[in-house]
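With the hints in hand, could you dock these two chains into one complex?
Residue-level listing of the chains:
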Amino acid sequence: MKKTILGFAMLSLFACKKDEIPTSDPEKTFGTGVYIINEGVWGSGESTLSHLNESNNELTATAFLDKNGYTLGGDVFQSMTITGNKVFMVINNGSVIEVADATTLASITQITGIASPRYMVTNGGFGYVSDWASDNVFLIDLTSYSLLDSIKVGSDPENMLIDNDKLYVANSAGGFGSEEDSTISVIDLTSNTIVNSITVGDGPQSLQMDANGDLWVLCTGFYNATAGKLVKVDLSDNSTMVLDFPGIDFQPVKMTINSAGDKLYYLYGGYGGGSVYEMSISSSALPATPVISRELYGLGVHPTNDMIYGGVAPSFSEDGFMMRYDLNGVVIDSFKVGIGPNGFNFID
Amino acid sequence: MMRLLLLHIAIFGCCLYLSAQQDSSTNNVLEEIVLQDTRLQNLEVGHSVNVMTDSLLIGGHSSTFSELLSTNHSNHIRSYGPGLSATFSSRGSSSSQVNLYWNNLPLNSPGLGSTDIGLLPSDGFSLIQVNGGGSALYGNQAMGATVSVNQSALHDNETIRIGGGVGSFGKYYSNVNTRIKGEKWENTTALHFQAAENEFTYVYRNQEYKRKNSDVQLFNISNDLNFTFLKKVKLRIAYWGTIADRGSPASYVPTAPASSRLEDNNHKVVAIYSHRLKNGKLILTQGYLTEKQRFVSDNLDEVNTTKSVVTKATYSISNLKYLSFFVGADNNWTEATGESKTNAVQNNFAVFGSANFTKGLLNAVLAVRQEFIDNEIAPFSPSLAIDYTILKPLSIIGNVSYNFRYPSLNDKYWTVGGNPDLLPEQGWNGEIGLQFKNKSFEIKSIYYRQNVENFIQWIPTSGIIWSPQNVKQVSIEGVESSFLFKNKVGKLNTGLSLGYLFNNSIVTESVVPNDASMGKQLIYNPQHKFTTSIYGNYKGFKLMLGSMYTGNVYARADNSAMSVVEQFNVFNTQASYVLKIKESTLEFHLAVLNFTNENYQTIKNYPMPGINFTTGVILTF
Chain E
1 MKKTILGFAM LSLFACKKDE IPTSDPEKTF GTGVYIINEG VWGSGESTLS
51 HLNESNNELT ATAFLDKNGY TLGGDVFQSM TITGNKVFMV INNGSVIEVA
101 DATTLASITQ ITGIASPRYM VTNGGFGYVS DWASDNVFLI DLTSYSLLDS
151 IKVGSDPENM LIDNDKLYVA NSAGGFGSEE DSTISVIDLT SNTIVNSITV
201 GDGPQSLQMD ANGDLWVLCT GFYNATAGKL VKVDLSDNST MVLDFPGIDF
251 QPVKMTINSA GDKLYYLYGG YGGGSVYEMS ISSSALPATP VISRELYGLG
301 VHPTNDMIYG GVAPSFSEDG FMMRYDLNGV VIDSFKVGIG PNGFNFID
Chain V
349 MMRLLLLHIA IFGCCLYLSA QQDSSTNNVL EEIVLQDTRL QNLEVGHSVN
399 VMTDSLLIGG HSSTFSELLS TNHSNHIRSY GPGLSATFSS RGSSSSQVNL
449 YWNNLPLNSP GLGSTDIGLL PSDGFSLIQV NGGGSALYGN QAMGATVSVN
499 QSALHDNETI RIGGGVGSFG KYYSNVNTRI KGEKWENTTA LHFQAAENEF
549 TYVYRNQEYK RKNSDVQLFN ISNDLNFTFL KKVKLRIAYW GTIADRGSPA
599 SYVPTAPASS RLEDNNHKVV AIYSHRLKNG KLILTQGYLT EKQRFVSDNL
649 DEVNTTKSVV TKATYSISNL KYLSFFVGAD NNWTEATGES KTNAVQNNFA
699 VFGSANFTKG LLNAVLAVRQ EFIDNEIAPF SPSLAIDYTI LKPLSIIGNV
749 SYNFRYPSLN DKYWTVGGNP DLLPEQGWNG EIGLQFKNKS FEIKSIYYRQ
799 NVENFIQWIP TSGIIWSPQN VKQVSIEGVE SSFLFKNKVG KLNTGLSLGY
849 LFNNSIVTES VVPNDASMGK QLIYNPQHKF TTSIYGNYKG FKLMLGSMYT
899 GNVYARADNS AMSVVEQFNV FNTQASYVLK IKESTLEFHL AVLNFTNENY
949 QTIKNYPMPG INFTTGVILT F
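Chains as they are written, first to last, in the working numbering: chain E, 1 to 348; chain V, 349 to 969.
Some hints could be false.
As the list claims (entries may be wrong) - If you want the ones that stay clear, here's a sample from chain E, every Cβ over 10 angstroms from chain V, calculated: (1) Thr81; (2) Phe126; (3) Asp141; (4) Ile248; (5) Ile257; (6) Pro290; (7) Ser315; (8) Asp348.
As the list claims (entries may be wrong) - A few chain E residues that face chain V, going by a derived Cβ cut-off under 7 angstroms, partial list only: (9) Ser44; (10) Tyr70; (11) Gly94; (12) Ser317; (13) Glu318.
Said to hold, decoys possible - Each computed DSBU-like pair below joins lysine-lysine, with the alpha-carbon atoms no more than 35 angstroms apart: (14) V:Lys655 to V:Lys760; (15) V:Lys660 to E:Lys86; (16) E:Lys86 to E:Lys263; (17) V:Lys760 to V:Lys529; (18) E:Lys152 to V:Lys558; (19) E:Lys86 to V:Lys558; (20) V:Lys834 to V:Lys760; (21) V:Lys580 to V:Lys707; (22) E:Lys28 to V:Lys868; (23) V:Lys834 to V:Lys930; (24) V:Lys868 to V:Lys760; (25) V:Lys890 to V:Lys928; (26) V:Lys836 to V:Lys787; (27) E:Lys336 to E:Lys28; (28) E:Lys28 to V:Lys928; (29) E:Lys263 to E:Lys232; (30) V:Lys868 to E:Lys336; (31) E:Lys152 to V:Lys560; (32) V:Lys580 to V:Lys629; (33) E:Lys166 to E:Lys263; (34) V:Lys580 to V:Lys660.
If you are wondering where the hints come from, they were derived from the structure by calculation, not from laboratory data. Beta carbons: idealized from backbone N, C-alpha and C, even for Gly.
Excised from the complex, chain V in its bound form (with noise of 0.2 angstroms):
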């Protein structure tokens, strides 16, 4: 342990100064939308920020949100097959401890209380990634990180935007983003479409065989317009739709059945008015999220919906000199019914406050919280957080939080084995790193330090039934660290980024009686992850190289050799050509994943592609 942070401190350390040009594409674009937004800003003081971007993840313009959050060196991935359903964790906790916000709407579902990742597509999109614990800004679920989902698929001077192309296994995809814009006003519509058969090969007791029903056709629609009145306000009405028809196949083995499908309908609205007044800014939001699955299989058609409707109000005070305020109120009233729940209801009340002093080297944010479940007192969430400028590049970040995830709906209400008396997940979190910053370097070097008590796990109290109970106590520990290096010499503009992870997540303690998982590691949680890219553009071509290795993880509480999901190295390239004819581009592009075809699992006996290619075209004007 000590080794592995004098080694962070080292690899810290030895960082040349040169000088450079940011790459202009994504950046600015991305500053502008973290300057609008007081609540994620006071969130990234003292805590480590990573960015993902599209236009950085090779085959980006037909992947998923699946593929972008896994270059993140912090999270782990865990998918049924491409574009089928996914779910993602950061830092050794469980996918219900991340929470993703589109226009101040939390996206996880009620119901399920995590998001599929696989159902979002990655094209147009920018995810701004706050790890640590966040439940003082953003209450329930924000304990390993809270994700921004930002989208931005043209440029300041640019109208339209269509793209296509095909790829291996049946797969062929389309996005087009289009923008009008008035004086005081400005629309963008982005539609975005991938379907693939996903019939990849692959070996079962040294026989080849077909993947069968992993099929997907994704259809995602979303429209943003924005008016501007008198220069002080402003007003957002946002839509997103998502519909999804998938195969739910079965494991590897070749004689379960294969017939299950996934039906996905859900669709967000949001309007947001801020306003500028003299002392600082009023933000109002109102939003309204569904969502509708069916799953179908030999005997069983259930469909589940979930209903949500979301009302934040937020005032930031900006006049002071060195301090500033943010307080706010937000109110999510959930629903979700269907068959197997029964009177699933849920509002969850909170007010929370931070004030954000800035001067001269430190900046820190102190913010609290307090949620109200129903007529439950949440747990209290207060956070400190400092950012202090050692030399004007270095700085030392840190942060300590109280943090908490209230159980789902499912796991609360679910017809046979729904526990409502479930506690909620609770506990501190805390991290200190260092983090140097300028316009050619990024590298930091975090360790931190999570406690989870009231560990929610299914366990089957009886032969068939299952219920969720709080179990457990888990301690997580890890270090982050990251080098990103950016240069521009000439025409050539080139960079590299490096990430790893290492993490234990280990059950100190457990209510059930000689619990083999004491002292034993979280299952689907990677000890190490370790990400590279590499990028060169040139008079526009652009060649892009990235790997991912992800370590042994355990698949069995108590991490028997037996159930273990192997390590794995999956390698992408990808080639693109930049066409300027007169105002508008022709970009061509061909990627190459997993080129050196590792047999690789995600979760334990569902198999992933092996070597496979998407190549396209995207028209700009």
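For reference, chain E alone in the conformation it holds in the complex (with noise of 0.2 angstroms):
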């Protein structure tokens, strides 16, 4: 009876072999190549960073795990800026910035105090940092890494774009709950303070800069009630021309411009996110058919090479694809990365 007891209490010592997580390696460097911002799963912790060595097409899938030996702080990995030789990455559930080398990606520190962070732009030795939690735009310094500042500005500021020493600041509250704005902040970088406030489309999610000078805004309606629209302001005398979207099924969202800065991208027709469009700056409404009829979560545009760069999502409890393609929208290459593929940086 005795040993009947130790020998099922051996049994309680029985252990599986563990699964094998990829180890760190200490010499790698990254540094010139192509970023892969992965989101992952609210609430998991899943959001990775990859990198795709454009030399020898080596892609790795988990480059910060492998240099540090531990994962990105929270999920929702929502975006990259990269300055100085570091990169900043905005984990907005995770409440943190994870400062890292940007050629080694040895971790150097994490900028806390923004509790729901999302995008991130630079100028001179500063940083600003857009809030959900308490609409404002964080102003950072990138030495010290330390909060000086905060601006409010509209509801759920999202991307922004500097431009002239004037931050434009996405207000995209697109109608989840109560919450609606159909503005950009326009905030002056010499004295911090708000000096404008344009009104665009309903839910203004992204925009760019164009080689006339012109702002483009990406709005994407508000959720079940109104359309999207694509709107370029004349910053002279912020007059407008407003391309509408058909219909409030799909939401455009996470448009890009090419290097030359006369050809914008975006999505649509998707659950966030959809097929590529490619507009010429110079055109009055909007492309009628996609360049790339596959339905992206992620989207980006080489800086020398215009290569389309999209990221597929198949689900998000599942590893998703970084997918190349040529300028004409044909396909290149793909290559496994992490989950939720949403954006892009390219470091020559």
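Listed below in structure tokens is the structure:
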């Protein structure tokens, strides 16, 4: 009897072989190439940063984890900004901005104090971070990483753009719950105060500056209520040209621009993304057909060779893909990345 | 797979016969409860039944249903932390495929479709869990298991039981049970209070941090009034209220916002009228349940409430020689209100019946149930269960049933993303096994198989909007084995219990194109679970030792090695001493939980506490 009990007790120490997690490789450097932002899933800390080395097409799926031995602090890795040989990774549901070396991805520090950070832009030694929780844009000192100031803007500040000492903030509140906003806040960076508010369309989401100095704003429309809009703002007099999207079923998102500044790209026709549409800045009508007909979740345009980069998210519980297309929309290749690839950062 | 089956039969085969006496404290009370509940009795035939009582739970005086249910090898608990929100699933199913019943009332929230087992105190409670399909008798959600919740703190000669104590991380608790009775009536009242700061240490990026925002204040009060008229008529009026104020912590990332709160305010009241007639027994039940939950965070302050009105009538006919019949009708009207729901009302009506044939070595139950949900006909759910005695203590048990789980009110009516067109999850469920039961031993080994069609999963249909869809077909298969041994030599009582579950829950079909979860395990279902429990009781001194091993659990549908909740083994021990002072008893106890200081999680990135203790006293007279 005693032996049997002992035997069963031993069974309790029965262990399955642990699955292998990639081990860190301290010698690896990243730098030149493409960083892929993998959002992850709300609540489970699955966000990762992938890296593609363009010279040999080597893809490192979990570059930050490989270098540091631990994962990013939280999930919903929303965006990344690169400046002064550092990367600033904005982790929306971790309330943290991870700072790391842009070449080696060695972790430097974490910037805390912003509850729901979304995007970051930089100017000189300062960073500007949009925060959904407080509807503020926070001013950060990029040497000491401390929060210096906060500027109250509209509802759910999202993408931003700096041009000519002015910071343009898209106030993206799109009708979920009760918040709605249709404006761009304009902040003068010499005084860090709001100097103007431009009304564009419902739920402004992304903005780009074109080669002519005009500001383009892509608006999603209010959820289940109004249609999206693509708005061109002439900054000399704030006059606008408005192009309407058909219907309220889908929301246009993630507008980007080529390095020449004469072609706009955006996603439309899916959920949180869609097919890729291309439009010349001299056009006065929305393109009828997409240049890439595949449901994409992330969009980028290579600054040197104009390749179109698409992030594919088959679901939020499995790894996604990065697809590369030539400028005519023909597939070149694809790579497996992390969950929900939503954006790309290019380093020359 | 075959080797495991043979192993279980081998464990089964080697049993020694020893004479022993039963441990009287809990079994008599339970038998009485079971005898009174014909519906549960009918369900138990041909099914694997596991009983969990607070007296055998280490730390049972200051724990919740979360810890109590986790001692059962067929259950997997997912908890955000000690005393915080938790749900459980049985035999590789989901937390919406189990239901708990208290006095004929379903405890699952109509909104969420599951019970927060962190809200219910373990002290004074016994749970009878019947595994496998039970929709034929209990209807909606009885797919993985059905659990009967019973309160039984006081023994027949006891009037008051007052207990209290303290524990690690700022825990303190107190339980009071009283009984007064007259010639034809009896009233028991129970109060349970527990609170804890829960700022235990954990490691993140090689640094130690204190867990934030995991504090718990939990208060439960219940009252049970029973009348007996003319020996044939009984009336019970029972009430159970739960009030809780708990933190809602973020994951282990120290910078994540740590200020969300969860307030719960739930009440249940029921009247049960039972009348013994010439040929049988009529039982009428009328119950009313309300729930109110408030979630507060930096930019949200939301209250969600639900109301349920439950009406049941059953009639059991038991005057025939070999046959007894049981028929009934249930009606459950539920309503959910809150900022996140629109028009969430549902009415479930069902008629059901069962025939129980008992002759000689055979005990069989055939049951059928037809439920109607609003204007829809729910899947017809029949079941056939058999218990056949091969040689006196050894019997073969088995059953086959068809069961369903209707989508919850949140699944259908959540303002952004709710899908009112959802179909119910449904499928066949069967089990077969051997059971050996005598005064000293209870050994069983059951092979089960379940198929779930229209498996509901919340998937993102846009970047931000998630919506539940009937996406998959899941095939569940496993073996459940347990060994229970009780012995008494002179004044020494000992007991040993072991339980093992092997389970595979595999996605076999999916409507999502190129679904990476095809052929993979369902998330949050371990393939292995092993529990042990040993106790020795000598002249008032009792020592308990227990362990719980849970194997690796996938947190990602594609079973990526990047996202695994690692296997863990937790060891607990408790020593207690009961002092008899005339008619009263005074008990001292000290429990050390997780005494090997295992770092573990049950939900990915939500750490559980390392080694901790609780100690207290109980006075009974």
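Checked hints:
no.	hint	in the structure
1	Thr81	holds, 18 angstroms
2	Phe126	holds, 21 angstroms
3	Asp141	holds, 18 angstroms
4	Ile248	holds, 13 angstroms
5	Ile257	holds, 21 angstroms
6	Pro290	holds, 18 angstroms
7	Ser315	violated, 6 angstroms
8	Asp348	holds, 29 angstroms
9	Ser44	holds, 6 angstroms
10	Tyr70	holds, 5 angstroms
11	Gly94	holds, 5 angstroms
12	Ser317	holds, 4 angstroms
13	Glu318	holds, 4 angstroms
14	V:Lys655 to V:Lys760	holds, 16 angstroms
15	V:Lys660 to E:Lys86	violated, 67 angstroms
16	E:Lys86 to E:Lys263	holds, 29 angstroms
17	V:Lys760 to V:Lys529	violated, 47 angstroms
18	E:Lys152 to V:Lys558	holds, 33 angstroms
19	E:Lys86 to V:Lys558	holds, 30 angstroms
20	V:Lys834 to V:Lys760	violated, 48 angstroms
21	V:Lys580 to V:Lys707	holds, 27 angstroms
22	E:Lys28 to V:Lys868	holds, 33 angstroms
23	V:Lys834 to V:Lys930	holds, 29 angstroms
24	V:Lys868 to V:Lys760	holds, 27 angstroms
25	V:Lys890 to V:Lys928	holds, 14 angstroms
26	V:Lys836 to V:Lys787	holds, 11 angstroms
27	E:Lys336 to E:Lys28	holds, 20 angstroms
28	E:Lys28 to V:Lys928	violated, 71 angstroms
29	E:Lys263 to E:Lys232	holds, 13 angstroms
30	V:Lys868 to E:Lys336	holds, 19 angstroms
31	E:Lys152 to V:Lys560	holds, 29 angstroms
32	V:Lys580 to V:Lys629	holds, 9 angstroms
33	E:Lys166 to E:Lys263	holds, 23 angstroms
34	V:Lys580 to V:Lys660	holds, 19 angstroms
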